[in-house]
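Residue numbers (the numbering used here), protein chains in the order written: chain A, 1 to 112; chain B, 1 to 113.
Honestly, the hints are just simulated from the structure, not real lab data.
Each hint should be verified, as a subset may be incorrect.
Said to hold, decoys possible - Below, simulated EDC-like cross-link-like pairs (lysine to aspartate or glutamate); rule was C-alpha separation at most 16 Å, straight line:
{"hint": "1", "chain 1": "A", "residue 1": "K99", "chain 2": "B", "residue 2": "D59"}
{"hint": "2", "chain 1": "A", "residue 1": "K37", "chain 2": "B", "residue 2": "D56"}
{"hint": "3", "chain 1": "A", "residue 1": "K42", "chain 2": "B", "residue 2": "D38"}
{"hint": "4", "chain 1": "A", "residue 1": "K99", "chain 2": "B", "residue 2": "D56"}
{"hint": "5", "chain 1": "A", "residue 1": "K99", "chain 2": "B", "residue 2": "E101"}
As a plain string of letters, each chain reads:
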Amino acid sequence: GENVEQHPSTLSVQEGDSAVIKCTYSDSASNYFPWYKQELGKGPQLIIDIRSNVGEKKDQRIAVTLNKTAKHFSLHITETQPEDSAVYFCAASRAAGNKLTFGGGTRVLVKP
Amino acid sequence: EAQVTQNPRYLITVTGKKLTVTCSQNMNHEYMSWYRQDPGLGLRQIYYSMNVEVTDKGDVPEGYKVSRKEKRNFPLILESPSPNQTSLYFCASRYGQGNTEAFFGQGTRLTVV
Numbered sequence: 001g002e003n004v005e006q007h008p009s010t011l012s013v014q015e016g017d018s019a020v021i022k023c024t025y026s027d028s029a030s031n032y033f034p035w036y037k038q039e040l041g042k043g044p045q046l047i048i049d050i051r052s053n054v055g056e057k058k059d060q061r062i063a064v065t066l067n068k069t070a071k072h073f074s075l076h077i078t079e080t081q082p083e084d085s086a087v088y089f090c091a092a093s094r095a096a097g098n099k100l101t102f103g104g105g106t107r108v109l110v111k112p
Numbered sequence: 001e002a003q004v005t006q007n008p009r010y011l012i013t014v015t016g017k018k019l020t021v022t023c024s025q026n027m028n029h030e031y032m033s034w035y036r037q038d039p040g041l042g043l044r045q046i047y048y049s050m051n052v053e054v055t056d057k058g059d060v061p062e063g064y065k066v067s068r069k070e071k072r073n074f075p076l077i078l079e080s081p082s083p084n085q086t087s088l089y090f091c092a093s094r095y096g097q098g099n100t101e102a103f104f105g106q107g108t109r110l111t112v113v
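Start from the sequences and build out the full structure, keeping to the hints where you can.
Rendered as structure tokens:
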């Protein structure tokens, strides 16, 4: 089955700096890669996703890149703000599959 | 408002006492899942359902049961809870298969003593 590894497990950045979270996956048939943000006391929420026919996707201060050959994808947050402090999860799935496999999560702390 | 509602939010119980965590969605989604979240392990799928009366095991199904009698509801049943089932549980629903957004409930923090 699919295995998703996520690094780092914790990340502390100064407000205004960039944050990068990296994930690797094992199943070459996976072709959908979402990122979820979990704020304290809440359930995860989708913030951005990318499909395998796209190498990069951007939405304001967040961007995701995908390298299918190397089987890794990354989340980039620029100009970090205190409200970016949360736990972030990457995930991988097949388009026709029933399962979303999550990475172990990254706790991001943005220091003012 | 589109949402997934779980109850209860917090639960402390004793070993062996049967419990049910309810989950309901108002988006007419076909796919529903249960996950448990443990530190460093991310979210692991317990069970999922593709439609009414259709359920299947996820990665960690031991000690859990589910049912899907109506499209909107997907309860998680622990027949005989044990301390290793102490965890944070999330219900999620999706409109379609793997490449669609999953909507999560607020979570249920379960402690089994």
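Hint check results:
no., hint, in the structure
1, K99(A) - D59(B), "9 Å, holds"
2, K37(A) - D56(B), "27 Å, violated"
3, K42(A) - D38(B), "15 Å, holds"
4, K99(A) - D56(B), "11 Å, holds"
5, K99(A) - E101(B), "12 Å, holds"
Checked against the numbered hints given earlier, this structure breaks only hint 2.
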